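Novice: Same order as they appear, the protein sequences are chains H and A.
According to this note's numbering, the first sequence is numbered sequentially starting from 146.
According to this note's numbering, the second sequence is numbered sequentially starting from 17.
Warning: the hint list may mix true and false statements.
Dumping the calculated DMTMM-like pairs for lysine to aspartate or glutamate here, alpha-carbon to alpha-carbon at most 25 Å [stated by the list, open to error]:
hint : chain 1 : residue 1 : chain 2 : residue 2
1    : H       : 410       : A       : 208
2    : A       : 301       : H       : 233
3    : A       : 301       : H       : 181
4    : A       : 99        : A       : 263
5    : A       : 309       : H       : 233
6    : H       : 271       : H       : 377
7    : H       : 271       : A       : 169
8    : A       : 232       : A       : 87
9    : A       : 221       : A       : 127
10   : A       : 309       : H       : 303
11   : H       : 410       : A       : 277
12   : A       : 309       : H       : 266
13   : A       : 80        : A       : 277
14   : H       : 197       : H       : 181
15   : H       : 230       : A       : 46
16   : A       : 125       : A       : 263
17   : A       : 79        : H       : 181
18   : H       : 410       : H       : 266
19   : A       : 232       : A       : 263
20   : A       : 301       : A       : 46
21   : A       : 125       : H       : 303
22   : A       : 99        : A       : 87
23   : H       : 230       : A       : 310
24   : A       : 131       : H       : 411
25   : A       : 309       : H       : 411
26   : A       : 125       : A       : 139
27   : H       : 230       : A       : 139
28   : H       : 197       : H       : 411
29   : H       : 230       : H       : 181
30   : A       : 232       : A       : 169
31   : A       : 309       : A       : 169
32   : A       : 232       : A       : 208
33   : A       : 301       : H       : 266
34   : H       : 410       : A       : 263
35   : A       : 309       : H       : 377
Simulated restraints on C-beta separations [what the hints assert, rightly or not]:
hint : chain 1 : residue 1 : chain 2 : residue 2 : range
36   : H       : 154       : A       : 173       : 21 to 31 Å
37   : A       : 277       : H       : 191       : 48 to 58 Å
38   : A       : 217       : H       : 327       : 27 to 37 Å
39   : H       : 400       : A       : 310       : 58 to 68 Å
40   : A       : 262       : H       : 234       : 51 to 61 Å
These aren't lab readings, by the way, just hints derived from the structure by calculation.
None of the values given here were measured: they were computed from a predicted structure.
The beta-carbon is built from N, C-alpha and C at its ideal position, and this holds for glycine as well.
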Amino acid sequence: MPGFGLSLGFTLFYLTLIVLIPLSAVFLKTFTLTWDGFVHAVTSDRVVASYKLSFGASLIAASLNVVLGGVVAWVLVRYRFPGSKIVDALVDLPFALPTAVAGIALTTLYSPNGWIGRYAEAAGFKVAFTPLGIMIALTFIGLPFVVRTVQPVLEDAERELEEAAACLGANRLQTFVRVVFPTIAPALLTGFALAFARATGEYGSVIFIAGNMPMISEITPLLIVTKLEQYDYAGATAIAVMMLLASFAMLLLINLLQAWARGRKERS
Amino acid sequence: MSGAIVSSVAAVATAAGRRSGRGAQRAGVESPWVRRTLIGLALVFLTLFLFVPLVAVFTEALKKGWQAYVDAIVDPDALSAIKLTLLTAGIAVPLNLVFGVSAAWLIAKFEFRGKNILLTLIDLPFSVSPVISGLIYVLLFGAQGWFGPWLREHDIRILFALPGMVLATIFVTFPFVARELIPLMQSQGSEEEEAALVLGASGWKTFWLVTLPNIKWGLLYGVILCNARAMGEFGAVSVVSGHIRGETNTIPLQVEILYNEYNFAAAFAVASLLAMLALVTLALKSIVESRLKDELPEALDLA
């Protein structure tokens with residue numbers, strides 16, 4: 146087969162130029178800081194508050210997506226109802242809709258006089274410009290991940306096993322908990338990890354709805370932008386390194402989860 | 017299906033004892049109210065989180081009437097943002113397309129060491145926050161960056177200008193085409209190409225006449241996704257753009273500026289262009305997906 150040299154050369158050249166050199170710049174730039182300077186930059190109160198918010202809100206949003214995304218996947222695979230095809234196609238909307246558009250739309254809806262916000266306000270919740278609003282935005286952008294990882298697994302699942310369980314006298318709930326759930330559990334976990342990883346780095350859809358108050362509703366990516374605007378390149382880079390390390394750890398975890406899920410499938 | 021599940025089926029059977037009868041009649045089906053509750057829950061969730069925001073974009077855009085909507089879009093700053101978005105995507109997408117084909121050819125047709133590492137590296141930009149995707153180019157080309165002084169001496173502008181925005185866009189959309197093509201080409205194998213080569217076709221001819229027709233739907237699928245992200249990218253482009261009105265603002269950045277100026281109707285009018293792009297993307301994606309599904313079993317048979 147021809148083209149090994151050409152495709153290898155071009156692939157590595159482009160990868161190095163676009164991804165590897167620029168990413169390594171982040172790590173090299175932190176060496177312009179002393180160790181103490183680095184530690185101070187990544188552990189100051191405002192930065193730690195932003196980690197807690199970013200990771201906490203992402204955790205809650207990803208968990209919400211596991212439950213509700215799981216229900217959506219189940220409904221789309223198992224039930225037929227009018228418009229299910231369109232609903233299925235629209236699940237990918239958060240992938241296709243630019244984050245800034247999602248951000249301003251959600252902010253308008255959930256602000257105190259918005260379509261949804263006014264009812265939330267009447268019920269005593271302030272959504273926009275609080276951490277609650279951040280969770281809403283992160284749930285939106287993570288929505289397709291769980292649905293799209295669980296859907297193919299449910300489609301491949303052998304219905305005969307569920308029928309066998311039912312024939313043997315299990316009720317539907319027992320069948321779900323002991324037959325269906327173990328089959329889709331790896332996909333649910335993978336979807337959770339993907340939604341969580343995406344949410345921690347998200348910027349565009351969050352900054353409009355967040356309110357961006359230091360210590361209260363300021364996410365880590367925004368803090369990086371703020372430091373850049375103040376020409377504190379080293380400070381911005383130090384926080385970026387922490388975020389990159391966290392996302393590489395997530396990437397490793399996701400790869401392990403997917404390998405585990407594949408292994409289970411092959412053994413069966 | 018795994019042994020663990022079969023054994024739990026048995027466990028369920030023992031646990032449930034002999035009260036079968038009705039269960040067997042409706043094997044593997046939920047009662048109507050469970051079904052209705054689940055469908056209702058899914059639809060309420062999707063309505064609140066997907067449909068209402070989408071509808072809100074268009075109603076807010078048209079709140080001040082059709083004329084105000086048109087005025088917002090033909091505003092010179094908005095038009096220059098549209099031009100810049102088309103130009104940026106027009107450069108970034110073809111480059112990533114060439115890379116995607118090259119990487120897929122390499123990975124699908126050859127065995128070599130380090131292939132898994134290469135696959136992980138190709139996916140890397142997806143796990144990097146958009147803000148960091150912009151930051152890396154600031155560190156390279158900014159005034160304090162590695163190449164900053166040299167660029168200033170030679171009067172070349174990369175940051176806060178088109179080249180920087182194109183680079184940031186290429187980075188965030190880097191894996192799209194490669195990631196669609198690699199599994200497709202792997203599943204198709206190399207037999208058809210080998211046959212063409214044995215019959216005397218050159219490498220390029222084989223690629224154009226044999227490989228390309230086989231991967232065209234996968235390629236189109238990757239390009240559609242790549243383009244949607246390229247035109248809609250906000251965080252990375254925002255960091256490298258410098259927000260110069262009428263000069264380095266793409267459509268998403270223009271939306272932000274208008275929104276922050278409390279010019280909501282105009283912000284949503286410009287945003288509605290991106291929402292329409294998203295809907296077109298989803299429609300094309302569904303069409304191409306069904307084509308891919310038609311073609312893949314065929315491709316698998318040949319493999």
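Novice: Hint by hint, say whether it matches the structure.
Specialist: Hint by hint, here is what the structure shows:
A threshold of 25 Å between alpha carbons decides the hint, and for residue 410 (chain H) with residue 208 (chain A) the separation of about 30 Å lies outside it, so the pair is violated. Only pairs whose Cα atoms come within 25 Å are accepted, and residue 301 (chain A) paired with residue 233 (chain H) is accepted, the gap being roughly 12 Å. A C-alpha spacing of about 50 Å is found between residue 301 (chain A) and residue 181 (chain H), which places the hinted pair above 25 Å, so the restraint is violated. Under the criterion of a C-alpha separation no larger than 25 Å, the hint pairing residue 99 (chain A) with residue 263 (chain A) is consistent with the structure, at around 10 Å.
In summary, the hint linking residue 309 (chain A) to residue 233 (chain H) is supported, as the alpha carbons are separated by about 16 Å, within the 25 Å threshold. Distance restraint check for residue 271 (chain H) and residue 377 (chain H): the Cα-Cα separation of roughly 33 Å exceeds the 25 Å cut-off, and the hinted pair is therefore not satisfied. For the given pair, residue 271 (chain H) sits about 52 Å from residue 169 (chain A) by alpha-carbon distance, which is inconsistent with the 25 Å threshold. Our distance criterion of 25 Å between C-alpha atoms is broken by residue 232 (chain A) and residue 87 (chain A), whose separation comes to about 40 Å.
In summary, the hint linking residue 221 (chain A) to residue 127 (chain A) is supported, as the alpha carbons are separated by about 22 Å, within the 25 Å threshold. Proximity of residue 309 (chain A) to residue 303 (chain H) is assessed by CA-CA distance (about 20 Å); at most 25 Å being required, the pair is judged to hold. The straight-line distance between the Cα atoms of residue 410 (chain H) and residue 277 (chain A) is roughly 53 Å, outside the 25 Å bound, and the hint therefore fails. Distance check on the hinted pair: residue 309 (chain A) and residue 266 (chain H) sit about 47 Å apart at the alpha-carbon level, beyond 25 Å; violated.
Only pairs whose Cα atoms come within 25 Å are accepted, and residue 80 (chain A) paired with residue 277 (chain A) is accepted, the gap being roughly 16 Å. A distance of roughly 22 Å separates the Cα atoms of residue 197 (chain H) and residue 181 (chain H); the hinted pair therefore holds under the 25 Å criterion. Only pairs whose Cα atoms come within 25 Å are accepted, and residue 230 (chain H) paired with residue 46 (chain A) is accepted, the gap being roughly 21 Å. A C-alpha spacing of about 44 Å is found between residue 125 (chain A) and residue 263 (chain A), which places the hinted pair above 25 Å, so the restraint is violated.
Restraint check: the Cα-Cα separation between residue 79 (chain A) and residue 181 (chain H) comes to about 54 Å, which exceeds 25 Å; the hinted pair is violated. With a CA separation close to 47 Å, the supplied pair residue 410 (chain H) and residue 266 (chain H) exceeds the 25 Å bound. A hinted pair counts as satisfied when its Cα atoms are at most 25 Å apart, and residue 232 (chain A) with residue 263 (chain A) does not qualify at roughly 36 Å. Simply put, residue 301 (chain A) and residue 46 (chain A) have alpha-carbon atoms about 32 Å apart, too far for the 25 Å limit, and the pair is violated.
With a CA separation close to 34 Å, the supplied pair residue 125 (chain A) and residue 303 (chain H) exceeds the 25 Å bound. About 17 Å separates the Cα atoms of residue 99 (chain A) and residue 87 (chain A), which keeps this hinted pair within 25 Å; it holds. Distance restraint check for residue 230 (chain H) and residue 310 (chain A): the Cα-Cα separation of roughly 18 Å lies within the 25 Å cut-off, and the hinted pair is therefore satisfied. Note on residue 131 (chain A) and residue 411 (chain H): the hinted pairing holds, with a Cα-Cα distance of about 21 Å set against a maximum of 25 Å.
A threshold of 25 Å between alpha carbons decides the hint, and for residue 309 (chain A) with residue 411 (chain H) the separation of about 22 Å falls inside it, so the pair holds. Taken as a hint, the residue 125 (chain A) and residue 139 (chain A) pair is honoured in the structure, with Cα atoms around 19 Å apart against an allowance of 25 Å. A hinted pair counts as satisfied when its Cα atoms are at most 25 Å apart, and residue 230 (chain H) with residue 139 (chain A) does not qualify at roughly 30 Å. Of the supplied pair hints, the one linking residue 197 (chain H) and residue 411 (chain H) is violated, its CA atoms being roughly 39 Å apart against a limit of 25 Å.
About 56 Å separates the Cα atoms of residue 230 (chain H) and residue 181 (chain H), which puts this hinted pair outside 25 Å; it is violated. Among the hinted pairs, residue 232 (chain A) with residue 169 (chain A) is inconsistent with the structure: their alpha-carbon atoms are about 45 Å apart, more than 25 Å. Of the pairs offered as hints, the one joining residue 309 (chain A) and residue 169 (chain A) is violated, with about 54 Å between alpha carbons and a cut-off of 25 Å exceeded. As the CA atoms of residue 232 (chain A) and residue 208 (chain A) are separated by approximately 15 Å, the hinted pair is consistent with the 25 Å bound.
Using a Cα cut-off of 25 Å, the hinted pair residue 301 (chain A) and residue 266 (chain H) is violated, with the two alpha carbons roughly 38 Å apart. Taking the CA atoms of residue 410 (chain H) and residue 263 (chain A), the gap is about 52 Å. The hint is violated against a cut of 25 Å. Using a Cα cut-off of 25 Å, the hinted pair residue 309 (chain A) and residue 377 (chain H) is violated, with the two alpha carbons roughly 50 Å apart. Range check, residue 154 (chain H) to residue 173 (chain A): Cβ separation about 30 Å, and the 21 to 31 Å hint holds.
One distance hint, 48 to 58 Å for the beta-carbon pair residue 277 (chain A) and residue 191 (chain H), is violated here, with the actual separation near 28 Å. At roughly 50 Å, the beta-carbon separation of residue 217 (chain A) and residue 327 (chain H) lies outside the given 27 to 37 Å, and the hint is violated. Restraint check, residue 400 (chain H) to residue 310 (chain A): a C-beta distance of roughly 31 Å breaks the suggested window 58 to 68 Å. Between residue 262 (chain A) and residue 234 (chain H) the Cβ separation comes to about 36 Å, which falls outside the hinted range of 51 to 61 Å.
Checked against the numbered hints above, the structure breaks hints 1, 3, 6, 7, 8, 11, 12, 16, 17, 18, 19, 20, 21, 27, 28, 29, 30, 31, 33, 34, 35, 37, 38, 39 and 40 and satisfies the rest.
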